[in-house]
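Listed below, chain by chain, are the residues.
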Amino acid sequence: MSSDPQTPKIDVPYLAQLARISLNAEQVEKFGAQLQQIVSYVEKLKEVNIEGIEPTAHATPMTNVFRADEPRTPGDPAPFLKNAPQQVHNLFVVPKIVE
Amino acid sequence: MNLTELTIHELSDRLAKKEISAAELARDVVARTESVEPKLHAFLEWKGEELLAAARDMDERRARGEALGPLAGIPVGIKDVLNVKGHTCRCGSKILEGYGAPYDATVIAKLRAAGAIPFGRLNMDEFAMGSSTENSAFGVTHNPWDLERIPGGSSGGSAAAVAAGEVPATLGSDTGGSIRQPASLCGVVGLKPTYGRVSRFGLVAFASSLDQIGPFTKDVTDAALMLGTISGRDPNDSTSVPEPVPDYTKALTGDVEGMKLGLPKEYFIPGMDKEVEAAVRAAVDKLASLGAEIVEISLPHSDYGLAVYYIIATAEASANLARFDGVRYGSRAKDAKDPIDMYGRTRGAGFGPEVTRRIILGTYVLSSGYYDAYYLRAQKVRTLIRRDFMEAFKKCDAIVTPTTPSAAFKIGEKSEDPLTMYLSDIFTVNVNLAGICGVSLPCGFTKQPKLPVGLQVLGKPFGEETILKVAHAYEQATGWHKERPHFPPGQLPLPTDE
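Sequences listed follow chains A and B, in order. Numbering-wise, the working numbering puts 53 at position 53 of the first sequence, and it's gapless, one number per residue. Numbering-wise, the working numbering puts 447 at position 348 of the second sequence, and it's gapless, one number per residue.
Since the hints were made in silico from the structure, they are not lab data. Take the hints with a grain of salt, since some may be wrong.
Said to hold, decoys possible - Stretch by stretch, here's where chain A covers chain B in the computed footprint (C-beta under 8 angstroms, at least three residues):
{"id": "1", "stretch": "242 to 255"}
{"id": "2", "stretch": "346 to 357"}
{"id": "3", "stretch": "371 to 377"}
{"id": "4", "stretch": "426 to 433"}
{"id": "5", "stretch": "450 to 460"}
{"id": "6", "stretch": "472 to 486"}
Even for Gly, the Cβ is constructed at its ideal location relative to N, Cα and C.
Pulled out of the complex, with its shape left as it was, chain A reads as follows (with noise of 0.2 angstroms):
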């Protein structure tokens, strides 16, 4: 599994300290290599000759779908509620967040 050396190195603690995801030593070598192979791939874009093509963000040719902007009345929060790993009086409860 040779990488391209211009292919530019994957800090994987980085990455998953950004992306909220614990990882242990073994995860980070393990994840790192595969990564590493995986990015090496997708450089044959480098390839292709993209000058003064717009990017495709989505396949539908549609820009801003509106609606009536009506009130409505929200439905019972209390199903929502009830996935909610802890909840009080109708809100979600996390840990504490300022000092």
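Please arrange chain B on chain A, whose structure you already have, making use of the hints.
This is chain B only, laid out in the frame that chain A set:
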């Protein structure tokens, strides 16, 4: 005979004539599911009593002479990625342990309005990321044609359940081939609609610009029925399109005389399985013998599709899956010292390896300094891929290709090598990138072992009638769809006889 061997249109016909009842059908579905599940594992769970009660209710309504929908009393299996009110919805992941859907996805509401009964939770690769169901947190689904092999993925449970005759039809989702690839490997019909044809409201999002929901069925007529039921504009999904929904079954004339079918040279690659190639080429000859004109076309950017897909899909996934943070649903890591610690440990423990890999890859391609080199470049090549198809459709009415480069592989064969696994989607990903429609249907078998081969028919945006017409004409002229797996003796009980 077990009633689950019949198609939806055969069952609906008998139900309407009161030759059979919905309750009898429901009993057969439950009996069949109970007998094959210990070896197959297509379902994560199912509620037999709930199905029977809904079926009895449908029979009573029929007895009272009420006007019933076209799918009245038909049980439809549901992939674990779609919300069905009162059912679990875990997306094959530990992180959604204990989640109960508080509402129906739009496709489920539409199925119910047509009289169909949602049944069970079908196994899948975690968050629809994978090509084999090996990434499910709850164990692999087996291929009914050979239990040592994978059923494809990510909608592997949806494909296997139809192939094994548990239910007449199922729903799946397709982001890079997750309906068509398992349909091909299990020998059933699987359809990915045009992006925007079907509402995604209530589908747990993987890659929002690529995801579409579609049906698995035993034949093309049933695919047309199911598509007509689930399609249409939905105020809850602004990407669903206000294009009228035709009666797709009217397109199934069997007549392909004079139609132009494009054969892309880039889809017959070195290294593809010889028997698969032979079966697909024979299918093309068959379509020619039915009067279609075969024209060679080129889709020059095809080879870049996988690279574009693994940038765009992972980028979108890294954003979509940020919502699984232990706050509003699912599991939460205990004794976290602050929210950041809680997010990290909840997600670290809750996501499996493939989902973690893809979130990290998606984070990388969107991260500062790499955005232009990866994400923006991929979006531009996506434009070229879409343009290739639009140019090709000036020369032909539909495109025919193999669905996969090989038949079903063995469980464990590719699970340690993500990149090799990704290559099994090489013929399906471009369709999602371009936003067009495609259907996979059986077109033969490999010899030793006997495994299904799929033919993929691709159409223009909202060209579902055309691809269904071609698929139906081929199906009726060959009859591959009538072949069912014979479970190896001693491994699975034979269908129950009532």
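Between the stretch 426 to 433 of chain B and chain A, are there enough contacts, at least three residues with CB-CB distance under 8 angstroms, for the coverage claim to hold?
holds (count 6)
For the stretch 242 to 255 of chain B, count the residues whose Cβ lies under 8 angstroms from any Cβ of chain A; is that count three or more?
Coverage by chain A is violated here, the residue count being 0 at a Cβ distance below 8 angstroms.
Outcome, coverage hint (the stretch 472 to 486 of chain B, chain A; C-beta under 8 angstroms; three residues)
Coverage by chain A holds for the stretch 472 to 486 of chain B (11 residues, Cβ < 8 angstroms).
Assertion that chain A covers the stretch 371 to 377 of chain B - criterion: three or more residues, beta-carbon distance below 8 angstroms:
It is violated, with 0 qualifying residues against the three required.
Take the stretch 346 to 357 of chain B, compare each residue's beta carbon with every beta carbon of chain A, and decide whether three or more fall closer than 8 angstroms.
As far as the stretch 346 to 357 of chain B goes, the hint is violated, because 0 residues have Cβ atoms under 8 angstroms from chain A.
For the stretch 450 to 460 of chain B, does the count of residues with a C-beta closer than 8 angstroms to a C-beta of chain A reach 3?
holds (count 7)
Hints 1, 2 and 3 from the list above are not met by this structure, while the remaining hints are.
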